[in-house]
Amino acid sequence: QFADLLRLFDANGYPPEANYLFLGDYVDRGKMSLETIIMLFCYKIKYSENFFLLRGNHECASINRIYGFYDEVKRRYNVKLWKTFTACFNCLPIAAIIDEIIFCCHGGLSPDLHSFEQI
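Here my numbering is used: the first residue of the sequence shown is 1, the next is one more, and so on.
By construction, these hints were calculated from the structure, which means they are not laboratory data. Among these hints, one or two may not hold up.
To be verified - Mimicking DSS-like on lysine-lysine, the simulated pairs with C-alpha atoms at most 27 Å apart in a straight line are:
| id | residue 1 | residue 2 |
| --- | --- | --- |
| 1 | 74 | 44 |
| 2 | 83 | 46 |
| 3 | 74 | 31 |
Unchecked claim - Just the calculated beta-carbon pair ranges, DEER-fashion:
| id | residue 1 | residue 2 | range |
| --- | --- | --- | --- |
| 4 | 10 | 46 | 28 to 34 Å |
| 5 | 66 | 6 | 33 to 39 Å |
| 6 | 77 | 103 | 33 to 39 Å |
| 7 | 117 | 6 | 34 to 40 Å |
| 8 | 46 | 68 | 24 to 30 Å |
| 9 | 30 | 107 | 16 to 22 Å |
| 10 | 80 | 109 | 27 to 33 Å |
| 11 | 31 | 117 | 16 to 22 Å |
| 12 | 42 | 116 | 28 to 34 Å |
| 13 | 116 | 84 | 29 to 35 Å |
| 14 | 115 | 11 | 36 to 42 Å |
| 15 | 15 | 107 | 20 to 26 Å |
| 16 | 91 | 30 | 35 to 41 Å |
| 17 | 12 | 78 | 22 to 28 Å |
In this text, a Cβ means the ideal position worked out from N, Cα and C, and glycines have one as well.
Using the sequences provided together with the hints, build the complete structure.
Right, here's the structure in full:
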């Protein structure tokens, strides 16, 4: 996934040349999940006005603990760092609205959510 991200930036421009909205699942997609999420977080910090990250289901501890991100971080660093990433993931929004007409999210929403205010 990291190589795909670099190809995307090569083709469309690196921030801040282009605006980006990513819809989630930044980890558990290959051997370089750490590099992928660190690059995305760095761009989010540096270019917060035109670089946006939504939360996907793999940014949930119960999912990435099973599908590889936990093991990658534990093997290369430690569990404390994985917990730090989990805390960061918990702060990501689950949806974005563009120009008041385009609703963006990673996947389906809970049937218990009935209004934009709840999201």
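Checklist entry - So which of the earlier hints does this model not fit? => result 4, 5, 11, 16, 17
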